[in-house]
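Throw the hints in and build the complete structure from the sequences for me.
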Amino acid sequence: MRFYVFDAVGNPAAFKREYRTLLDRLPLDDLERRRVLDEGQRAFAMNTALFHELAQEFPAAQ
76 MRFYVFDAVG
86 NPAAFKREYR
96 TLLDRLPLDD
106 LERRRVLDEG
116 QRAFAMNTAL
126 FHELAQEFPA
136 AQ
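Residues 76 to 137 (my numbering) are what the sequence shown spells out, left to right.
Any given hint could turn out to be false.
Cβ-Cβ distance ranges computed for the label pairs, FRET-style [stated by the list, open to error]: (1) A135 with L106: 29 to 35 Å; (2) A124 with G85: 28 to 34 Å; (3) E107 with F133: 37 to 43 Å.
Honestly, the hints are just simulated from the structure, not real lab data. Each residue gets a CB set at the ideal place from its N, CA and C atoms; glycine is no exception.
In structure tokens form, the structure reads like this:
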């Protein structure tokens, strides 16, 4: 799946570290931080469900 390929990112590990640092520095209060975390967890759960459905639809792709 090409959406997991980031050819334009020279150093993926450094990119992820910087991304996490920027997220940690967001000026969020406790409620906003909780909302961001909840939304991330929902997105992860939906992505997981999508891949489970795709695996059922296209079992040879596993």
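Each hint, compared with the structure:
Distance hint for A135 and L106: a CB-CB separation of about 46 Å, inconsistent with the stated range 29 to 35 Å. For A124 and G85, the Cβ-Cβ distance of about 33 Å falls inside the hinted range of 28 to 34 Å, so the restraint holds. About 39 Å separates the C-beta atoms of E107 and F133, a value consistent with the hinted range of 37 to 43 Å.
When held up to the earlier numbered hints, the structure conflicts with hint 1 and nothing else.
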